[in-house]
Each structure stands twice: as structure tokens, then as C-alpha cells.
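Heads up: the protein sequence lines correspond to chains A and B, in order.
If you read the first sequence in full-length UniProt numbering, its first letter stands for residue 1, the second for the next number, and so on.
If you read the second sequence in full-length UniProt numbering, its first letter stands for residue 1, the second for the next number, and so on.
Incorrect hints may appear among the rest.
[Stated by the list, open to error] Pairwise CB distance ranges, derived in the manner of DEER restraints: (1) Tyr130/A with Lys19/B: 43 to 49 Å; (2) Arg67/A with Thr51/B: 27 to 33 Å; (3) Glu126/B with Met141/A: 50 to 56 Å; (4) Tyr130/A with Ala127/B: 47 to 53 Å.
[What the hints assert, rightly or not] Okay, the calculated bits of chain A under chain B, using three or more residues with CB under 8 Å as the criterion: (5) 34-48; (6) 95-102.
FYI, nobody ran anything at the bench for these hints, they're computed from the structure.
Every residue, glycine too, gets a C-beta built ideally from N, C-alpha and C.
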Amino acid sequence: MNEILQQYWQAYLWSDGYHITGVAMTLWLLTASIAIGFVLAVPLAVARVSPNPLIRGPVWFYTYVFRGTPLYIQLLVFYTGIYSIESVRAQPLLDAFFREGINCTLLAFALNTCAYTVEIFAGAIRATPYGEIEAARAYGMSSFTLYRRVILPSALRRALPYYSNEVILMLHSTTLAFTATVPDILKVARDVNSATYASFEAFGIAGALYAVIVFALVWLFRRGEQRWLAFLKPQAH
Amino acid sequence: MFLQGFGPLIFEGTLQTIKLALVSMLLSVLIGLVGASAKLSSHRPLRYLATAYTTLIRSVPDLVIMLLLFYSLQILLNQLTDWAGIEQIDIDPFLAGVVTLGFIYGAYFTETFRGAFQAVPRGQLEAATAYGMKPWLVFRRVLFPQMMRFALPGIGNNWQVMIKATALVSIIGLADIVKATQDAGKSSMQLFFFSIVGGLIYLAITTLSNGVLLWLERRYSVGVRKAEL
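The shape of chain A in the complex, shown without the other chains (with noise of 0.2 Å):
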């Protein structure tokens, strides 16, 4: 155990001297995914909770279907699928693109977090109360004011219980991206486990690390639905 912490408590944490790799990998697929995630899916949860069907559709089709298969196939797809087409690769910017594993499972991580978050957004939108709509309206608000004022910035407060749950479960994910070569904690631990053949050790490390960073997870949400949702506290009396 203290050997293999010694040899490779960098690995674990930063670098292996060459790449970064281990928790920083991780900590990086984790914010890259969540980030671009967030930024598409408060457009397309406002398109998904649209009156016009033709609009909401769309959206609907792209989260049942991210949502009814594994994020493994959809990682499997982007990274050995789309490359092993011929038109791919003879374009050059896209070959560049799919050629690399961590840009591959970077679009399947995002597009796969942004399909969850679409949901859980829009799920809070349709729960806004109706007289705070109807308050915006009667002030002569535009449906873009109306958005931008009223119900994002609620909506979004009271979706983050549920956001922050999908944030844990999007790192549980990352996991996944060392089939496509990235080299995050789970890849070192397996490379450790092949090294050394404590397979009990490699991965127990790699266990308490994920564990630490779900704890500061946890702590970081909860010190945000404090500052957030304050709001929504039972009052005492």
C-alpha cells in the first residue's frame, strides 16, 4: 500500500510526468461537461417546456433518447463509431476532431449531462407558480424579460437539489472515459492494478479519491442551497 502510494501518488493526483492525468483529469472532464451541459440546456429546457410542438419535439427526441441509452454506447458512438466512418476521416477538421479520445468523450459527456439538466430544468419552469407569471405579465413584461427576470433566476434556484445530484452522478460517469484512453483516476488505478497486481489497493485508492471529491461536492451544493434557496427555508417562528 505505502509503496504504491509512493510510486504513485502523482499519477493519482496530477501528472504522470508526461500528461495530466488522475484527479485533475477528472476534476477537468467533470467541470468541462457540466459547463458546456449547462450552457446549452437553459435554452432547450425554455424550448422544451414551448407551447409549440414543433419546437418542444425536437427537444423531446433529443433528451428521451440520451436519456434511454447507457452513456457508454453514446461514448462508444462518438469515439470508435463516427471515426471508423470514411467521410470522417477524409475531412480534415473533423478527423482531427474524433481522432483524439479526450474531444470525443467531452461531446459525449456534455451532450449526455445536458439531456438530464434539460429535464430537471424543465421540470422547474412548469412548477413556477402561476401568479408569478401572471404578476410579470400584468407589468407589461416581455417574454424575454419574463424569462430573464422571473422565472430562470427562480426556476434554477429550485432545481439545484436535483442539479446537484446529477453533478455527482456526471462524476460517477467520468469513469467511463478510460475506454476511450483518457487518463483520469479510474485508467491510473488500472494501469496501477496491471503494474503491481494489488488490484485491492489500486482501486481502493482510486475509490476513497472519488469519495472525497463527491463529499466536497455535497458540502460546496449545500453551501450554495444555503446562500440560493434561502428563500424557500421554513420560517421559523
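We have chain A; now place chain B onto it with these hints.
Just chain B, lined up with the frame of chain A:
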């Protein structure tokens, strides 16, 4: 030809996936029921043990637990067979998948059932005890049927997540949908097409189970009036 002759292979993989999902579901429901009872028991060490189990399992990614158990169990078994002087036994990926998925999702089911147990009005259990029912009979006739209504949305959720998690078991070597479609794709040089086929099969399974869950939810809500606004 249907799927260029890979139809039977992929069908076999689909059967494996469904079998794996059903068996591990059964195991995790059993673990969940036991875990929930432990969490609600008046016995303090039991409660702590169950809490440690659910916290630990739910904070570590399932793939890490899966690999950890798969490799360590194999090494443990090797030491055992070495010690006993018999030939090495290789752990079958299906069994490993069932054990790990059951163990992991047992933690999620523990939480689901704990909430559902608590949602059944206490008076119901008191009344049953007053009728002279033994604990097991109280569970079977009163607690379980009422608890199911509260547990069903959670069970449905866990089931959907678990179906998708079975895809991970191909990483430890099970010939499931993922493995079958990837093999078919590699040997026919049409990885894209066959990966999409794999995705569609999962989509069909999740869509179908959604329908079944809706039906079950209606069945277990018989006699419950919804508030009308």
C-alpha cells in the same frame, strides 16, 4: 440478411443484458429490503452499518466498485484455491456482474425502501399488531402492499439507471448488447451502424419498462384519491 448475419449474436447479447438486469434487480431489492429494515431498526450498530454501506456505495462510482470487486474477488479466490491445492477457478463475468450490480444498487434501494417504509402510517401497523398478526404477517399483509405505492417511483428510477449500468459489465467481459454490437461492428467494419443498433435496443428496453412502470403505478394506486384542484 437481418443485421448482416449478426442478428443471432446481438439477440443473444440482448438476452444476457435482460437476464443480468432482472437477476441483479432481484438481488438488490432483497438487499434493499434488508438494508431498509436495518436502517430503521432500534439496534444501533445495525443502523450504523447500514448507513455506512449506503453512504460509501453511493459516493464511489459504480464502475470503480465493479472493478474493485471483480479483481479482488478473483485474487482472493486464487489464494483460496492455491491454499486448498485445487485448480484455479475463474469468476464468471455474469456472476460478477450480478454480485456487483446487486451490491451497488442494493444501497440505492435501501434508501428508496426506507423512505417508503416511513411513509406508511404508523396506525396501520399498530392496528395489524392489535389484530394479533405476527411481524412477518404484518409485513406481508399491511406494510408491503402499502409501502409499494410509495416505493414504485423510486424503484422505477433505480431500474432505469440499472438497465443502463448493465452496459458497464461488458467491460469486465460479459457478452452483452455492448460487446455483441461492438464485435459485430469490428468484424463487419461498420462500427457506427452497430453502435447505433446497440443504442436502439437499449432505447427499446427503457421505453418498454417505462410503460410497465406506469401500469404498475396505476395498479398500486387503486383506491387512492387524487386531490382535485
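Do the hints match the structure? See the list:
1. At roughly 48 Å, the beta carbons of Tyr130/A and Lys19/B sit within the given window of 43 to 49 Å.
2. The given range of 27 to 33 Å is respected by Arg67/A and Thr51/B, whose C-beta atoms sit roughly 30 Å from each other.
3. With their beta carbons about 54 Å apart, Glu126/B and Met141/A fall inside the hinted range of 50 to 56 Å.
4. Here the CB-CB span from Tyr130/A to Ala127/B is close to 40 Å, at odds with the stated 47 to 53 Å.
5. Judged by the Cβ-Cβ criterion of 8 Å, the stretch 34-48 of chain A is not covered by chain B as claimed, because only 0 of its residues qualify and three are needed.
6. Counting residues of the stretch 95-102 of chain A whose beta carbon lies closer than 8 Å to any beta carbon of chain B gives 0, which falls below the threshold of three, so the coverage claim is violated.
Hint compliance for this structure: hints 4, 5, 6 are broken, all remaining hints hold.
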